[in-house]
Amino acid sequence: MLAKTTRQPSSRRHRSRGISRADVIAIVVSIIVLAGIFVPLVSVKRADSRRLACENKLARLTQAVLQYDEEHGRLPRINASLAAPPDGLSELGRVAPGSVAAADSSDTSSDWQQDGYSWLVSVLPYLEETELYDQLSRRSEQFQLAPFDAALITPTADNTT
Numbered sequence: 578m579l580a581k582t583t584r585q586p587s588s589r590r591h592r593s594r595g596i597s598r599a600d601v602i603a604i605v606v607s608i609i610v611l612a613g614i615f616v617p618l619v620s621v622k623r624a625d626s627r628r629l630a631c632e633n634k635l636a637r638l639t640q641a642v643l644q645y646d647e648e649h650g651r652l653p654r655i656n657a658s659l660a661a662p663p664d665g666l667s668e669l670g671r672v673a674p675g676s677v678a679a680a681d682s683s684d685t686s687s688d689w690q691q692d693g694y695s696w697l698v699s700v701l702p703y704l705e706e707t708e709l710y711d712q713l714s715r716r717s718e719q720f721q722l723a724p725f726d727a728a729l730i731t732p733t734a735d736n737t738t
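Numbered according to my numbering, the sequence shown spans residues 578 to 738.
Derived by calculation from the structure, the hints in this document are not laboratory data. Treat the hints with care, since some could be wrong.
[To be verified] Taking lysine to any residue pairs in the SDA-like style, the calculated list, with each CA pair at most 25 Å apart, reads: (1) K634 / W696; (2) K634 / E648; (3) K634 / Y710; (4) K622 / E632; (5) K634 / H649; (6) K634 / I655; (7) K634 / P653; (8) K634 / G650; (9) K634 / V619; (10) K634 / E705; (11) K622 / A603; (12) K634 / R623; (13) K634 / L652; (14) K622 / S607; (15) K634 / L713; (16) K634 / V621; (17) K634 / L709; (18) K622 / L635; (19) K622 / R637; (20) K634 / D646; (21) K622 / L611; (22) K622 / I609; (23) K634 / P702; (24) K634 / V698; (25) K634 / Y645; (26) K634 / Q712; (27) K634 / L704; (28) K634 / D711; (29) K634 / L701; (30) K634 / T707.
[As the list claims (entries may be wrong)] Restraint-style ranges between C-beta atoms, simulated for each label pair: (31) C631 / E708: 19 to 27 Å; (32) R651 / E706: 36 to 44 Å; (33) E708 / L618: 35 to 43 Å; (34) G613 / Q644: 42 to 50 Å; (35) G650 / Q712: 25 to 33 Å.
All of these numbers come straight from a predicted model, not from anything done at the bench. Built from N, CA and C at the ideal position, the CB exists for glycine as well.
Kindly generate the complete structure, drawing on both the sequences and the hints.
Encoded structure:
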């Protein structure tokens, strides 16, 4: 009779069922490569969305200025203060040193309350910001100009400034 030969488990090479080190390294490298490809794409998308948001805001601002022009027959002044500068050009709208200027008598708008404020305040109602516009006061003391703050230019006792 023929003898049956059996294979010994120790003579056979065992293969583990897990992931080898080389497999882990290959996976990590592929993840890093994919991240290197997709991260710049995400930042480009963010930049595009910021640019689009900026364009939309500029379009709204442009539309508000055009609506102001249509209603008042002129573009908003640089600032709403109408003090006449020394050369007599009262349309420049400069803030007079030391006080808030009086309202222009030729301006017939009943909602005049932007004395000393930027032109942006004039278009706030057209930007759907009427609440903010209504909170602004024509009698604001914030626009009184002081020539300088003496504390900022006074040298110290030891002359180290």
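Starting from the hint list further up, note which numbers the structure goes against and sort them upward.
-> 11, 32
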